[in-house]
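Could you build all of it, start to finish, from the sequences and the hints given here?
One-letter residues, chain by chain:
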Amino acid sequence: MPDSIVVAKFGGTSVTEQARQHAAARIAALKAEGHKVVAVISAMRVKGQKEVFSTDYLIELAESIGPDVNLRSKDLLLSCGEIVSTVLMSHYMSAYYPWRTVPLTGGQAGIITDFKYGDASMVAISPEYIFRLLEEDTIVFVAGFQGVTDTAESDSGYHGAITTLGRGGSDATACALGHALGAARVDIFTDVPGVMTADPDFFRDLPEEERPFPHDYVTYDDVCEMAHLGARVVQARAAEIAMQHQVRLRVASTTEECKGTIITSAEEFESLAKVTSVAHSDRVFQVEFSMNEGPDKKQIEEEILRLLGEAEVSVYFVNSTPRSTSFVVSESAVETIRELLYGMVIPIPAPSASRDARAQEGGRERLRYYVIGPRPSSVSPWMKKTNVQRQSEILRARTPGTEVVELEIAVGTPCRIISVIGPNLKNVPGVLYRVTETCEQMNLEILEIAESKNSLSCLVDEGDVIPAVQGLHQRLIIEGASAFVE
Amino acid sequence: MRGLARVPIVPSRGITHLRRRNGITHLSFATSGQGGPRLSEAFGSLSRQGLNVFFIKKSLDAIGLGVDASEGEKAAQVLRDAGFDAKARDKCAVACVVASNMKYVPGVIHRIVRSLNKANVELLSTSDSFNSVSCLVESTDLDAAIRALAEEFGIEESPVPGPMDPW
Chain A
1 MPDSIVVAKF GGTSVTEQAR QHAAARIAAL KAEGHKVVAV ISAMRVKGQK EVFSTDYLIE
61 LAESIGPDVN LRSKDLLLSC GEIVSTVLMS HYMSAYYPWR TVPLTGGQAG IITDFKYGDA
121 SMVAISPEYI FRLLEEDTIV FVAGFQGVTD TAESDSGYHG AITTLGRGGS DATACALGHA
181 LGAARVDIFT DVPGVMTADP DFFRDLPEEE RPFPHDYVTY DDVCEMAHLG ARVVQARAAE
241 IAMQHQVRLR VASTTEECKG TIITSAEEFE SLAKVTSVAH SDRVFQVEFS MNEGPDKKQI
301 EEEILRLLGE AEVSVYFVNS TPRSTSFVVS ESAVETIREL LYGMVIPIPA PSASRDARAQ
361 EGGRERLRYY VIGPRPSSVS PWMKKTNVQR QSEILRARTP GTEVVELEIA VGTPCRIISV
421 IGPNLKNVPG VLYRVTETCE QMNLEILEIA ESKNSLSCLV DEGDVIPAVQ GLHQRLIIEG
481 ASAFVE
Chain B
1 MRGLARVPIV PSRGITHLRR RNGITHLSFA TSGQGGPRLS EAFGSLSRQG LNVFFIKKSL
61 DAIGLGVDAS EGEKAAQVLR DAGFDAKARD KCAVACVVAS NMKYVPGVIH RIVRSLNKAN
121 VELLSTSDSF NSVSCLVEST DLDAAIRALA EEFGIEESPV PGPMDPW
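If you read the protein sequences in the order shown, they are chains A and B.
Number 457 in my numbering belongs to position 457 of the first sequence; there are no gaps in the numbering.
Number 8 in my numbering belongs to position 8 of the second sequence; there are no gaps in the numbering.
Hints in this document: simulated from the structure, not taken from any laboratory.
There are no misleading hints in this set.
Below are the DSS-like pairs computed for lysine-lysine, each with C-alpha atoms no more than 30 Å apart in a straight line:
{"hint": "1", "chain 1": "A", "residue 1": "297", "chain 2": "B", "residue 2": "91"}
{"hint": "2", "chain 1": "B", "residue 1": "87", "chain 2": "A", "residue 2": "426"}
{"hint": "3", "chain 1": "B", "residue 1": "91", "chain 2": "A", "residue 2": "298"}
{"hint": "4", "chain 1": "B", "residue 1": "118", "chain 2": "B", "residue 2": "87"}
{"hint": "5", "chain 1": "B", "residue 1": "118", "chain 2": "A", "residue 2": "297"}
{"hint": "6", "chain 1": "B", "residue 1": "91", "chain 2": "A", "residue 2": "426"}
{"hint": "7", "chain 1": "A", "residue 1": "297", "chain 2": "B", "residue 2": "87"}
{"hint": "8", "chain 1": "B", "residue 1": "118", "chain 2": "A", "residue 2": "298"}
{"hint": "9", "chain 1": "A", "residue 1": "116", "chain 2": "A", "residue 2": "74"}
{"hint": "10", "chain 1": "A", "residue 1": "259", "chain 2": "A", "residue 2": "31"}
{"hint": "11", "chain 1": "B", "residue 1": "87", "chain 2": "A", "residue 2": "298"}
{"hint": "12", "chain 1": "A", "residue 1": "426", "chain 2": "B", "residue 2": "74"}
{"hint": "13", "chain 1": "B", "residue 1": "87", "chain 2": "B", "residue 2": "74"}
Counterexamples of contact, computed for chain A against chain B with all Cβ distances above 10 Å:
{"hint": "14", "residue": "65"}
{"hint": "15", "residue": "69"}
{"hint": "16", "residue": "70"}
{"hint": "17", "residue": "203"}
{"hint": "18", "residue": "248"}
{"hint": "19", "residue": "264"}
{"hint": "20", "residue": "393"}
{"hint": "21", "residue": "394"}
{"hint": "22", "residue": "461"}
These figures come from a predicted structure and were not determined experimentally.
Even glycine gets a Cβ: it sits at the ideal position worked out from N, Cα and C.
Right under this line is the structure:
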């Protein structure tokens with residue numbers, strides 16, 4: 001489709017000094033096909049290294065001065081990583097190829113966001129300037145992961161503040177621009193040859209025929225599910241924007257010649273794979289507390305969940321029984337939980353005392369105090385008493401007759417969530433059986449199970465994640481459809 | 001080239017609607033017995049009988065799952081034949097809060113628990129994924145649960161299935 005617009009997004013590993021030539025070659029190929037090209041650029045990133053101007057480096061730089069960086073200032077700083085990459089990529093292209101190039105910040109590209117610094121949402125795009133540049137046959141380079149606010153802040157009167165979109169936000173930039181420009185396609189160039197059936201890093205030692213492979217096509221639903229469940233191929237919000245606005249996506253390698261994976265709506269497919277991928281999450285931890293059955297349990301559970309919600313800690317795999325509650329949190333939330341809950345005293349109204357007893361106490365409601373602390377097994381052995389025990393003793397000494405209950409919260413060992421994903425997986429018979437059987441055959445314990453329409457997730461010990469992903473990938477994807485014949 | 005107006009980007013949808021499912025039998029059985037039947041044997045037996053299970057909840061030593069009430073008795077028998085001491089609880093229902101990305105909406109579980117406690121609805125169990133939280137309640141509590149959740153989140157029940165629904 002000559003003269004159609006293609007938005008090409010390049011990830012951090014695709015725009016380093018070593019990889020820049022490959023990214024430029026991809027853009028040149030799109031130009032040679034007759035497309036008008038808008039390239040969205042991430043901050044440079046080398047796997048396992050801290051590149052100067054990478055997001056990680058800039059965060060570290062600011063936090064080395066002091067931990068509480070003003071959010072607005074932080075966004076301004078973080079946006080620089082993408083701006084540097086974008087200018088260098090644009091300059092490279094104009095130095096080695098015959099086309100005119102223009103680098104733009106997110107704001108210059110017309111990307112308007114809300115005011116949520118650090119995790120802003122795009123609200124609109126004014127594509128006028130980009131359209132004008134494309135009409136002049138210019139290749140437009142846009143810094144990903146950022147935008148600007150456009151209305152006056154109620155308290156300060158400032159406007160036009162630079163905001164960032166949260167991790168992986170360059171994918172979202174590309175998808176939103178694809179929608180605003182009416183692009184024929186958005187190409188996400190990355191370090192894998194498409195949407196893979198599993199993380200190739202987990203299969204390096206296995207023979208070629210047992211390794212993950214790229215799909216030719218997958219649905220928006222599948223990619224959204226994969227993104228939410230840990231696969232890093234496309235950012236979750238980007239997949240959602242593409243689905244909401246029906247933007248056709250393609251994921252392909254920057255360095256390898258490959259046709260990549262087309263992501264589109266299910267209606268375009270004649271038949272769908274039963275299981276599309278096996279994804280795995282980052283490190284998570286299971287948190288658990290137990291107490292006597294009764295009305296206090298409900299109140300304590302509600303209070304703990306309230307505190308975590310207010311601290312913006314997301315919990316999942318919640319399992320509540322009459323005597324215990326467990327849930328899973330991300331690694332970054334563990335310290336928050338310790339800081340927030342350990343040492344917390346939660347008063348709960350005690351069962352109503354008799355009228356005489358209440359009268360003796362001056363009509364005051366009697367309270368039972370729950371003092372929260374870590375489970376002793378996680379306390380250093382040379383400590384004679386845990387803080388929670390000391391705290392309880394102080395409470396008892398200060399308020400004689402008060403009922404004080406020590407409530408221990410256990411933060412477990414590191415775990416991972418492994419998910420089997422497929423379109424309408426819930427209606428594929430035998431998936432649950434095959435997942436549990438595979439884990440049993442490999443002596444891998446499934447700690448929890450959760451499900452959605454398109455996925456089945458299992459919580460496993462972190463040490464089991466690689467064999468579990470390999471085993472499930474072999475059974476459900478490599479052995480393929482034959483695995484589902486009853 | 002297209003027009004030059006400002007193009008809106010649809011916001012992330014957050015919590016969108018409620019769904020209900022009535023007529024559920026909840027089955028539970030222990031899984032920890034040494035030398036006893038394995039979990040896969042339970043699911044394999046159910047699958048071979050064409051029984052669809054949902055609301056699967058595994059803890060350290062027990063598992064709970066839901067089946068359609070019309071298949072409850074058969075499912076319980078299949079599990080018993082496979083060597084599991086399955087207990088059935090009839091007349092259950094599920095009230096489900098659906099979101100496009102629950103992971104980034106902290107506090108949802110607390111709001112669910114709080115609103116159901118306030119409405120005196122006994123929450124028998126919960127099951128969550130990245131886009132929904134399902135609450136198992138007694139059938140007689142289902143209307144009250146839906147009302148409480150609708151009020152808490154300011155959303156309505158959807159009569160038709162959507163792509164994010166858990167079933």
